[in-house]
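Asker: Chain residues, written in single-letter form:
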Amino acid sequence: MDAEWAMTGLIMVPLAAAIVVYVTATRFVAAWGVAVAMIQTGLTFWLTRSILQSGPVQVPLGGWEAPLGIPLYADGISVLMLIMTTLVGATSTCYAAAYFSALQHDPRRSSSQPTIQTFWPLWLILWSALNALFLSADVFNLYVTLELITISAVALIGLAGKAQALVAAIRYLFAALMGSLFYLLGVALLYSTYGTVSWHLLAETVQADVLTWCAASLMIIGLLLKTALFPLHFWLPAAHANAPAPVSGLLSGLVLKASFFMILRLWFYVFHPVMPVSAGWMLSVLGSAAILWGSIQAIRQQRVKLMIAYSTVAQVGYLFLVFGLACEPMGMLAWRGTAYLAFAHACAKAAAFMVAGSLMYMVGSDLLDRWEGIGRREPKLIFALALAGVSLMGLPPSAGFIAKWLLLNAAIGNGRWEVAAVIVLGGLLAAVYMFRIIGVSLSSAVPMPETMPIPRMMRWAPLVLAMVVIVGGIVTTEPIRLLEIGAPPIAAREVAP
Amino acid sequence: MTFQQWLPLLVVASSLIPGSIIFVLGEQQIKLRTALNLAGAVVKVLLVAIMLWGVSLDQEYQVRYGLVEGLDFALHADALSLLFVSLAAVLWLLTTIYAIGYLEDSPHRRRFFGFFSLCVTATTGLALAGNLLTFLIFYEMLTLTTYPLVIHRGTPDSLRAGRLYLLFALTGGAILLLAVVWLQTLVGPVEFSATGILSETDPALYGSLRVIFAMLIAGFGVKAALVPLHGWLPQAMVAPAPVSALLHAVAVVKAGAFGIVRIVYDVYGAEFCGQLGVTIPLALVAALTILYGSMRALYQDDLKRRLAFSTVSQVSYIMLGTAIAGPLATTGGIVHLVHQGVMKITLFFAAGNLAETLGVKKVDQMRGSGRRMPVTMAAFTVAALGMIGIPPTAGFVSKWYLGIGAAQADQWWVIGVLVASSVLNAIYFLPLIYAAWFASPPDAWPDERPRGRFETSPALLFPPLITAVLTLLLGVFAGFPFSPLEWAKLIVLQEYAP
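Chains A and B are the protein sequences, given in the same order.
Position 374 (the first sequence) corresponds to 374 in my numbering; numbering is contiguous.
Position 403 (the second sequence) corresponds to 403 in my numbering; numbering is contiguous.
Keep in mind the hints are simulated off the structure, nothing from the lab.
Given the structure is predicted, the values throughout are model-derived calculations rather than measurements.
Hints should not be assumed to be uniformly reliable.
A few chain B residues facing chain A, derived, Cβ under 10 Å [claimed, not checked]:
id: 1; residue: G66
id: 2; residue: P107
id: 3; residue: R111
id: 4; residue: L136
id: 5; residue: E140
id: 6; residue: T143
id: 7; residue: L144
id: 8; residue: S158
id: 9; residue: G162
id: 10; residue: L167
id: 11; residue: L170
id: 12; residue: G173
id: 13; residue: L178
id: 14; residue: W182
id: 15; residue: P431
C-beta: ideal position from N, C-alpha, C; glycine also.
Can you build the whole structure from these sequences, using the hints too?
Answerer: The structure is reproduced here in structure tokens:
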């Protein structure tokens, strides 16, 4: 019963902590966060070990079997997502603790900015909901957890308190609610047709008929809106760029992955046999467009956080290449590569946003022009940014390289040269915007005199996360083995034309 | 793990570990940093010496680590890798000493020496790479670790040069990545083996293999500065002198040339290359590069730019020897890998000394510099004569083997190229040497900064002196065991094994 305790704990511990900090309004709120992070790390480790030893686990929560109870399910990919959440979550927690405590003493702070007290309950609820989503075994629970994630994410963006941030938060809220409606409609259709919401049961009974296609399309479109796949990315740059420093990384790194994970689950575990190949390729084409469009927009930005946010638009594009590639013989490689890329991007992007947040706190602006020579003051941060950039560009040694290598193998092995070209071109464009930042920061222009000292933790947290990405390019056998546990039978399945 | 597995790892780690520690140290911990640097460099030379001894006794040094299926990280010491890794180890030691003297009291030395060590780590890694993938990994790592060195000064000029360098190198890397994945999907993982692995391939794939060959050469040609992919190299001259020395003699340019040697001999195989008909185009590109680089060098009045174009030209001797593909020409090409490194690093050390001590950066400012800095200019002279190919320098040995190799392969036009290039080399080097020794020095040097009681500080003086002596020794004692020439013959024996 090892796994059951770990799974329950991963959901309940942050939730309980959120309630405690909110109700007691304790002054040692950051300590609670750090304690949760430590417990989560232990639980994730425990669960990973158990899954590696004994394969996928399904547990009915509290012993109630379906259809009454809420079943939890953990396989390789959900554990990888949990590891990702724990890594990014724990470092963000430490980062946030330092950030908000520094902000309280910041003379530049306007009175409208809310205090540290508001951040923690929201973040802990978000954390709990993320874990619950990755462990959900039915499509309705997925919906509930996704809503929780959306609501807390919107509130977290609003924490920045500036008009820009509020507008972005509202826009995000509307887009996300729209997405939820589509998804819920699809779930309702499925339930009325098949009488179940468990995705295991759906996978066994799903038929290739019009109603199923409608349901699948509605659900996927709703989720695409939340995952910000081009051209539905309109809400993302403003929302991610204007959020407070610790929040941006969480949004780009984790929140987007939640809805993407749902698409992966639904597509490959439920709808894959009944989806037409053309639908998969359509997603891949949109993904390719996202890579190019997002990268070019990133290059054109003057604000670093916007640059990094557009980079997310591009990187999300990479995640969608798998839907076309998986229809062909080497699809399994693409699937593994995509799952690993989701992990790599989360760590790299969160690190990049943390660096941007720290430097923005230091100089009071994220305009690239103001960052001239900043690397001479803060070499550690620029080093972390460069390491994260290595993964975003897909250069070795990094987790991003391994993921891209797998994707490229699938693309070229299947003779999909256009996809291979986009993958490589996207990496080069990423190099353009990453090195634009790094080049400016290393220039010998004299840095501006008025800067705030950066708390030590705001240097180390991004560096640790960036190191994880590099280590993820060296220690790869374990994560890839993990992904084989409960992997969808892509290769074995005959695909409908 | 046995010692045979540990040794290649240790050779790579001997610069990786000092480099990593240097990043953690403070900027002002100069003594500790210097000690670490030198210790790492000395240890690397010793380890390589052990390895050299072992390989000459037919020991196998190999280590392998699976990343993903079809993606193995493999280090393997064969005769060819040892040639390159010995060059890198010895010249790194000298360049480290030089850099310590050169950068005295300048800012950001921690960053410099950290990346300097990582750069050498990448170079030794790709020298020891046992398969194409490992090579690719270190090749990209080399791009990333040299960028901070190129832009070290942080001036707008150097930032522009850095951008150009990245544009070329990363695009080359991307083409390389595509080619490697493509090759792997056709024939499986590509291990380096002495006579190539592709000769058994299905003839239906010959077309694809030709395209892949072109892509691989283009990818490596960017770093090897094959015309028309050489545009970044002259711009990268804004980097500090030790960086230029390393870039031109050991790390970047050589990595590209070494990659091409690997592709031709250890992936495709010399014979199979001939069968595919790809050697002649490669030889033509190399010949064009040799002539073009020399021509452009004539017109440069900036000393370092002249040397840069000279590199463009000289490195292509390696490709030329590789592409002619007879045993003797191959010997000439491979041995030039070492000889060019030793000669070119001498020239850059000397140019750096002139710039640091006298402020001399232009060619016409060199008048009379031989009287003010006799040792430096003597070293410069020896290396320049070597570049022209005058006996008994190392450069003569390379050219001799290239020439008789061309004759053996019935490629008489190559001898014409060699003669033309030697003449051009003479035209752009001899006037400098003449002016340095026989013209009278100016009343005042542009920016004179005396350093110590010698003509310049010892750390700047001894490295070029040593490499100049090496240039002579490598020529005079070319026939001795363990000389680069004998070692190159050993490699050729393996490559052309029946």
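Asker: Now, for every hint given, state plainly whether the structure supports it.
Answerer: The hints, checked one at a time:
1. G66: Status holds, d = 6 Å.
2. P107: Cβ of P107 of chain B sits 8 Å from chain A, so the hint holds.
3. R111: holds (6 Å)
4. L136: Where the cut-off is 10 Å and the nearest Cβ of chain A is about 7 Å from L136 of chain B, the hint holds.
5. E140: This hint holds: E140 of chain B lies near chain A, its Cβ roughly 5 Å from the closest one there, short of 10 Å.
6. T143: Given a least distance of 8 Å, the restraint on T143 of chain B holds.
7. L144: holds (7 Å)
8. S158: For S158 of chain B, the interface hint holds, since the closest Cβ of chain A sits about 9 Å away, which is under 10 Å.
9. G162: holds (6 Å)
10. L167: holds (8 Å)
11. L170: At about 5 Å, which falls below the 10 Å cut-off, the nearest Cβ of chain A leaves the hint on L170 of chain B intact, so it holds.
12. G173: holds (7 Å)
13. L178: holds (6 Å)
14. W182: Because about 5 Å separates W182 of chain B from the closest Cβ in chain A, which is inside the 10 Å limit, the hint holds.
15. P431: Result: violated, 36 Å to nearest chain A Cβ.
Violated hint for the displayed structure: number 15, the only one.
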